[in-house]
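Each protein sequence line maps, in turn, to chains A and B. Position one of the first sequence corresponds to residue 916 (the numbering used here), numbered consecutively onward. Position one of the second sequence corresponds to residue 209 (the numbering used here), numbered consecutively onward.
Note that these hints are calculated values from the structure, not bench results. This structure is a prediction, so every number in the text was calculated from the model and none was measured. Built from N, CA and C at the ideal position, the CB exists for glycine as well. Check each hint, because a few of them may be wrong.
What the hints assert, rightly or not - Distance ranges between label pairs, derived from CB positions: (1) 235/B <-> 1778/A: 29 to 37 Å; (2) 212/B <-> 1060/A: 57 to 65 Å; (3) 235/B <-> 989/A: 45 to 53 Å; (4) 300/B <-> 1660/A: 35 to 43 Å; (5) 1782/A <-> 235/B: 15 to 23 Å; (6) 212/B <-> 1123/A: 53 to 61 Å; (7) 1006/A <-> 235/B: 45 to 53 Å; (8) 212/B <-> 1582/A: 49 to 57 Å; (9) 1342/A <-> 282/B: 25 to 33 Å; (10) 282/B <-> 1782/A: 19 to 27 Å; (11) 1521/A <-> 297/B: 31 to 39 Å; (12) 950/A <-> 282/B: 26 to 34 Å.
Residues per chain are reported as follows:
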Amino acid sequence: MATTATTWCGQSVERVEDAALLTGRGRYIDDLGVKPGTLHAAILRSQHAHARIAAIRTDAATQVPGVAAVLTGRDVTALSASLVVGVKAPIECWPIAVDRVRYVGEPVAIVVATDRYLAEDALDLIDVDYEPLPAVVDPNDALDPARPVLHDGLGSNIASERSFRYGDPERAFAEAAKRVSVTIRYPRNSGTPIETYGLIAEYDPGEDAYDVLSNFMGPFSLHAVMARALKVSGNRLRLRTPPDSGGSFGVKQGLFPYIVLMSLAARVAGKPVKWIEDRLEHLSASVSATNRVTTLDAAVDADGRVRALAWDQVEDVGAHIRAPEPATLYRMHGNLTGAYDIRHVSVRNRVVLTNKTPTGLNRGFGGPQVYYALERLMQRVAIELDLDPIDVFRRNLVPSGAFPYRAACGALLDSGDYMRTLETALTDGGFAELRARQAKARAEGRLYGIGCAAAVEPSVSNMGYITAALTPAERRKAGPKNGAQATATVALDPLGAVTVHVASVPQGQGHRTVLSQVVADALGLKFSDVRVVTELDTGRDAWSIASGNYSSRFAAAVGGAAHLAANKIKGKLAKTAAAQLNVSPDDVEFVGGKIRARGNPDNALPFSRVAATSHWSPGLVPEENQALRETVFWTPPQLTPPSDDDEVNSSLCYGFIFDFCGVEIDRVTGAVRIDKYVTMHDCGRILHPGMVAGQVTGGFTQALGAALYEEYAYGPDGSFLTGTFADYLVPTPMEIPEPLILHVETPSPFTPLGTKGVGEGNCMSTPVCIANAAADALGVAAIDLPLTPAKLAAHIHAAEPAPRSRPTVAAAPIKGRALRGSGEAHADASPDAVWRMLLDPKTLEALIPGCHGVEKLSDTHFRAEVTLGVGPVTGRYKADITLSDLDPPNAVTLTGIVTGALGDGRGSGRIRLVPDGAGTRLTYEYDAAIGGKVASIAGRLLDGAAKIVIRQFFTALARHTGGGGKSGFFARLFGGRA
Amino acid sequence: MPRLNATQRHRVRLTVNGRQVEADAEPRMLLTDFLRHELGLTGTHVGCEHGVCGACTIDIDGVPARACLTLAVQADGGTIRTVESLAPEPGRLSILQQAFRRHHALQCGFCTAGILMSLDCYLRDRPEPTEAELREFLGGHLCRCTGYTPILKAALEAATMLHKKRPEEQLHA
Chain A
916 MATTATTWCG
926 QSVERVEDAA
936 LLTGRGRYID
946 DLGVKPGTLH
956 AAILRSQHAH
966 ARIAAIRTDA
976 ATQVPGVAAV
986 LTGRDVTALS
996 ASLVVGVKAP
1006 IECWPIAVDR
1016 VRYVGEPVAI
1026 VVATDRYLAE
1036 DALDLIDVDY
1046 EPLPAVVDPN
1056 DALDPARPVL
1066 HDGLGSNIAS
1076 ERSFRYGDPE
1086 RAFAEAAKRV
1096 SVTIRYPRNS
1106 GTPIETYGLI
1116 AEYDPGEDAY
1126 DVLSNFMGPF
1136 SLHAVMARAL
1146 KVSGNRLRLR
1156 TPPDSGGSFG
1166 VKQGLFPYIV
1176 LMSLAARVAG
1186 KPVKWIEDRL
1196 EHLSASVSAT
1206 NRVTTLDAAV
1216 DADGRVRALA
1226 WDQVEDVGAH
1236 IRAPEPATLY
1246 RMHGNLTGAY
1256 DIRHVSVRNR
1266 VVLTNKTPTG
1276 LNRGFGGPQV
1286 YYALERLMQR
1296 VAIELDLDPI
1306 DVFRRNLVPS
1316 GAFPYRAACG
1326 ALLDSGDYMR
1336 TLETALTDGG
1346 FAELRARQAK
1356 ARAEGRLYGI
1366 GCAAAVEPSV
1376 SNMGYITAAL
1386 TPAERRKAGP
1396 KNGAQATATV
1406 ALDPLGAVTV
1416 HVASVPQGQG
1426 HRTVLSQVVA
1436 DALGLKFSDV
1446 RVVTELDTGR
1456 DAWSIASGNY
1466 SSRFAAAVGG
1476 AAHLAANKIK
1486 GKLAKTAAAQ
1496 LNVSPDDVEF
1506 VGGKIRARGN
1516 PDNALPFSRV
1526 AATSHWSPGL
1536 VPEENQALRE
1546 TVFWTPPQLT
1556 PPSDDDEVNS
1566 SLCYGFIFDF
1576 CGVEIDRVTG
1586 AVRIDKYVTM
1596 HDCGRILHPG
1606 MVAGQVTGGF
1616 TQALGAALYE
1626 EYAYGPDGSF
1636 LTGTFADYLV
1646 PTPMEIPEPL
1656 ILHVETPSPF
1666 TPLGTKGVGE
1676 GNCMSTPVCI
1686 ANAAADALGV
1696 AAIDLPLTPA
1706 KLAAHIHAAE
1716 PAPRSRPTVA
1726 AAPIKGRALR
1736 GSGEAHADAS
1746 PDAVWRMLLD
1756 PKTLEALIPG
1766 CHGVEKLSDT
1776 HFRAEVTLGV
1786 GPVTGRYKAD
1796 ITLSDLDPPN
1806 AVTLTGIVTG
1816 ALGDGRGSGR
1826 IRLVPDGAGT
1836 RLTYEYDAAI
1846 GGKVASIAGR
1856 LLDGAAKIVI
1866 RQFFTALARH
1876 TGGGGKSGFF
1886 ARLFGGRA
Chain B
209 MPRLNATQRH
219 RVRLTVNGRQ
229 VEADAEPRML
239 LTDFLRHELG
249 LTGTHVGCEH
259 GVCGACTIDI
269 DGVPARACLT
279 LAVQADGGTI
289 RTVESLAPEP
299 GRLSILQQAF
309 RRHHALQCGF
319 CTAGILMSLD
329 CYLRDRPEPT
339 EAELREFLGG
349 HLCRCTGYTP
359 ILKAALEAAT
369 MLHKKRPEEQ
379 LHA
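Whenever a hint applies, use it, and build me the whole structure from the sequences.
Pasting the structure below:
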């Protein structure tokens, strides 16, 4: 390009990352070669949400040729220490189950073998005896002292409880004209990157040191947690990252317990160990956003001015309080008043443990949960006071000119003009036209709603915010935590080329491109002249606990640090050049690849020549001007520790978002159609508009998924029900409208480039904006995500009539994935003859599909081994069958418990035998429930599969006696074969 | 297809990106693992191994197919194209790849190979797709980064450019 002055920042240049990624030359963790002899790990996981482990037998697995090691909880506890937990509670957090499993998917054993297929084979040979315990699934149940306790040391399922008070909330509520309240149950969901976790771990016994290459994304505060768990000093745990990573959205933070596990596996096996997570493992057991039950009250004046908020949050972190939790709850603490000028706040925070996957970082991190409650509340304020929702925003937003604004809970809102931004969004986004559209749709009898949401989007987390979970006294004892060290290194090589190193650990956000722009601007170079290295090596590179790719810190913190490092090297080069150009350093400028005298472009030196000077002729350069490599660490002074009054500036920058949308809900199906979506952002200065658009559109799409489709679903017994992308539904191009993206730019005064984060905002604003629109369309006050057609249809239609008849045989309440059915068959034998067959093990063996043998333990107790296939999973199960309520030869109840590596099930059925001419008519009805892996990945197919298997049994029975079965739908579907 | 012994490795011979290749595979080995770890073609990615996400999509005998739902031995004797075949030469990108870069139609790039291969097949059969048709077709792919909007724009623009270029450069999207 030109040799004249250019500002690269602000341009949507093509990304330097893309050529490799588009041609299949990416270097993701599973693309990198491994040392010869590297072994592969597979993990046996719990199929129970809660159970005691009575015994684990690994002998058979260990003896498989090619298996190098099998590890269980016992090996892990012998070689390591518990992961540190972030609250003051007597609980341990191991990366593998120790004597007890607490969620479906929890690691129980690791097999290390010469290849992955073999390792998975060996998993099938590990025999675990579980003693199932009742599970706690709902966070409100976790508050109930009568429920089972997950961690005995804690005495209850409440891991942390704190109350906070800012201003005088009691008085504000006492004096308020109106109290408005919402109760929210925010569901579990996740960013589900398309690349799963992966790592290669190696142990050097000579130095007692671990070396791990993984797609972990930070925060590198967890490096300390991992090193402590491995019982080595920090310099003996070398973490490295590959050049490319296939998305994270926070989720790859949750890799860290596996780094500990596989490091130990490598140590035991004596070889490097590689592990790539599969999709079922990822969905069931990687990391989830927290689900939360929130009650939020507002004290409101008659004109809609909100005087006080009262928060009550019950945060469900799953089965362990795993670092950095309870950070999800505290990340938003300073800005719990959102974009509003509200001076009085009370907060009650409880963190509870349930039998679900432990939670962790996820795009939006605490924002979706907080803003869903806050912005639902603001809509309710407008409705209950009969005000225009827009007027409620106008009355409550932080006023123009008030910035930097110290919010009641401690956030220092750095910059913005919320009022002007709101008005611009309404005008440029066509709000008036949207209202006209709504009026027209409603006149036609359609269900059309408009929703709005305002949010401040925090970025660059204060490393001290999490200590708000501790009391001031506990904080004083532990020492203050604060800041957010960002680092960047700019290096010059002997040919005068510029290389930048950062510890930002991107997963596709284009950091290399943007840093090229930033540094090229500082040094007057072409952006293509600058190369950026983003793979991190904690043994070699500059980093801090704040390093990593989270809290939208890249543009604000890392970009700023690179700018400062480039300017530091520029200052030194300017002095060297000034001496050669015979001008003062202040009169030196860097333009178009040249260093020249200001006002005299002919008096110039090539940048590369000056830049190489400290390599070739260091003797000519005074020591203070030596310019080879400059590393800058930058931490903003505004990020102070929480005060003794619990005020905490939880983030450095606060962008502003105002969204509105129009949605239509199908009167018949309850499906939501987004008619129009407008999202207005003030994220400070924009460095690369194309990437900002990508962050907004991508965040919007994930948020739309969270709003309409996505939920990590659990059965009442803690069975995990969404183990494939066919069950955990993420949006496809068919579901995604193109949002109208608007921008206002008020630079942050606190960051070197005036930038703020932008990647997470829509995950905070969009779910509630859509929910507000749906609530408006339906005229309902309470509405929870995801807004599935079934859920909304229930609001549209009257309740469904109860089913005609139900089997009455179920003794115990049915849990997990529930199946019910009934049918009948005809046998050409008398009831007496059929009765004898049903009680005879040899006949049963012939009749039960996939049966490998029936063992008769007593007249009414049988044990069998069967092979069953459900959709993609075929497995061998042990069946334990008892007969009860015997009424020979008229009726019998069969109760069965089936267990196997792929899942478990229990159910019962009543069979009735009625004389039918010379033969017998058999009728049956059953209730069953399935858990484990089968429920996670083949749930959609279970009902049909169960019907087929049962049908096969009775058809075989009929055939055995010369009769035939008939059962409506399935008989038609499968003809004579069923 | 002959009955194969489950415990033995079998020679698999096929044409990949225009070259004859062969390697051994157990009958149960997935084609994704075979391409990536036996042949070193790591451009084809594994996102779910359930056939849902589409990241592993390749061209098998002219048809876009999920490599994760295909066994290596099934591909014996077949003709396969992967993302590594799309660029006309090292250092140059195809029209479709250029459009993706121009529109920022990728971020992490992990799903991209599958999307490119699907589009490469689709645009050959359907040179002038509407946006609605493209949306529906790309409904077989999951991308968690981009929100799809830039992918659709890139695909539409590439379709237009490729259509103008025909018939000279017919087969290279």
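Checklist line | Structure versus earlier hints - violations, ascending order | finding: 3, 6, 9
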